[in-house]
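J.: Note that the protein sequences, when read in sequence, are chains A and B.
Quick note: the first sequence uses the working numbering, first residue 923, plus one each step.
Quick note: the second sequence uses the working numbering, first residue 248, plus one each step.
Everything labelled a hint here was simulated from the structure, so no lab data went into it.
Every value quoted in this text rests on a predicted model; they were computed, and no experiment measured them.
Check each hint, because a few of them may be wrong.
[Unchecked claim] SDA-like cross-link-like pairs, simulated, lysine to any residue; straight-line CA separation at most 20 Å:
| no. | chain 1 | residue 1 | chain 2 | residue 2 |
| --- | --- | --- | --- | --- |
| 1 | A | LYS978 | B | GLY346 |
| 2 | A | LYS964 | B | PRO255 |
| 3 | A | LYS964 | B | ALA335 |
| 4 | A | LYS924 | B | GLN347 |
| 5 | A | LYS964 | B | LYS262 |
| 6 | A | LYS964 | B | THR254 |
| 7 | A | LYS964 | B | LYS258 |
| 8 | A | LYS964 | B | PHE292 |
| 9 | B | LYS262 | B | GLY346 |
| 10 | A | LYS964 | B | VAL259 |
| 11 | A | LYS924 | B | ARG356 |
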Amino acid sequence: QKEVEQNSGPLSVPEGAIASLNCTYSDRGSQSFFWYRQYSGKSPELIMSIYSNGDKEDGRFTAQLNKASQYVSLLIRDSQPSDSATYLCAAGGSYIPTFGRGTSLIVHP
Amino acid sequence: GAGVSQTPSNKVTEKGKYVELRCDPISGHTALYWYRQSLGQGPEFLIYFQGTGAADDSGLPNDRFFAVRPEGSVSTLKIQRTERGDSAVYLCASSLTEGQGYTFGSGTRLTVV
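The following block holds chain A by itself, in its conformation from the complex (with noise of 0.2 Å):
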């Protein structure tokens, strides 16, 4: 069975700090990583795509892939409150990502 782990959390760090979320996938085949944002109530929505080892950067937001160790990652630099939801990571092989639970994300003043 195709298992996408995440830390539940909460994650707790103050404004302007670096948050770190991590995530481990068991399928060795899976090709294309996801990470999501989703707000309190709301949908999920995309924020970063990797499909090749090493770093992908898009403004505050850095993706990390690593496919020997099964291990992805997202860093969001400069921290703001508004950055505070759960974020869903999602791994896949041809075209169905498995999604974890996701890590929720407080980011406090």
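Dock chain B against the given chain A, drawing on the hints supplied.
T.: Below, chain B alone, put in the same frame as chain A:
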């Protein structure tokens, strides 16, 4: 449309009744997915359409669940003989092609009483 549209946003039904949930994907998106999400859990895959055909329905929990996409755009998820355990948020998502990240709709919150 500009986004993925789901109707209704909320549905309360009695145990044993039949419900239909509608999804209108982003125009031109050939891939359409149905997920459901319970509180504190990640989205759980139900079914994937590529065009008009169900390319993968392995996530449907049992034969009470069925989905169609007759013209390759709007999709309807149908649940027969609803049970209290079916209560969840049903999410629809679409992508331009398979393997890409999704755009989710705002979901339908189904409550079976």
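J.: With the threshold set at 20 Å, check whether the alpha-carbon distance from LYS964(A) to LYS258(B) stays at or below it.
T.: holds, 16 Å
J.: What's the verdict on LYS964(A) and LYS262(B), does the C-alpha distance respect the 20 Å limit or exceed it?
T.: violated, 26 Å
J.: Has the given pair, LYS262(B) with GLY346(B), been kept, meaning a C-alpha gap of at most 20 Å?
T.: violated, 36 Å
J.: If you draw a straight line from the CA of LYS964(A) to the CA of PRO255(B), is it 20 Å or shorter?
T.: With a Cα-Cα distance of about 15 Å, the restraint between LYS964(A) and PRO255(B) holds, given a limit of 20 Å.
J.: Could you grab the alpha-carbon distance between LYS978(A) and GLY346(B) and see if it respects the 20 Å cut-off?
T.: Cα-Cα ~18 Å, so holds.
J.: Would you mind confirming whether the straight-line C-alpha gap from LYS964(A) to VAL259(B) stays at or under 20 Å?
T.: holds, 19 Å
J.: CA of LYS964(A) to CA of THR254(B), is that 20 Å or under?
T.: Distance of about 15 Å is within 20 Å: holds.
J.: Hey, LYS924(A) versus GLN347(B), does the alpha-carbon distance stay inside 20 Å?
T.: holds, 19 Å
J.: For the pair supplied as a hint, LYS964(A) and ALA335(B), confirm whether the alpha-carbon distance does not exceed 20 Å.
T.: holds, 13 Å
J.: Does the structure keep LYS964(A) and PHE292(B) at a Cα separation of 20 Å or less?
T.: Holds, at roughly 18 Å.
J.: Below or equal to 20 Å on CA atoms is what counts here, so check LYS924(A) against ARG356(B).
T.: Cα-Cα ~26 Å, so violated.
Checked against the numbered hints above, the structure violates hints 5, 9 and 11; every other hint is satisfied.
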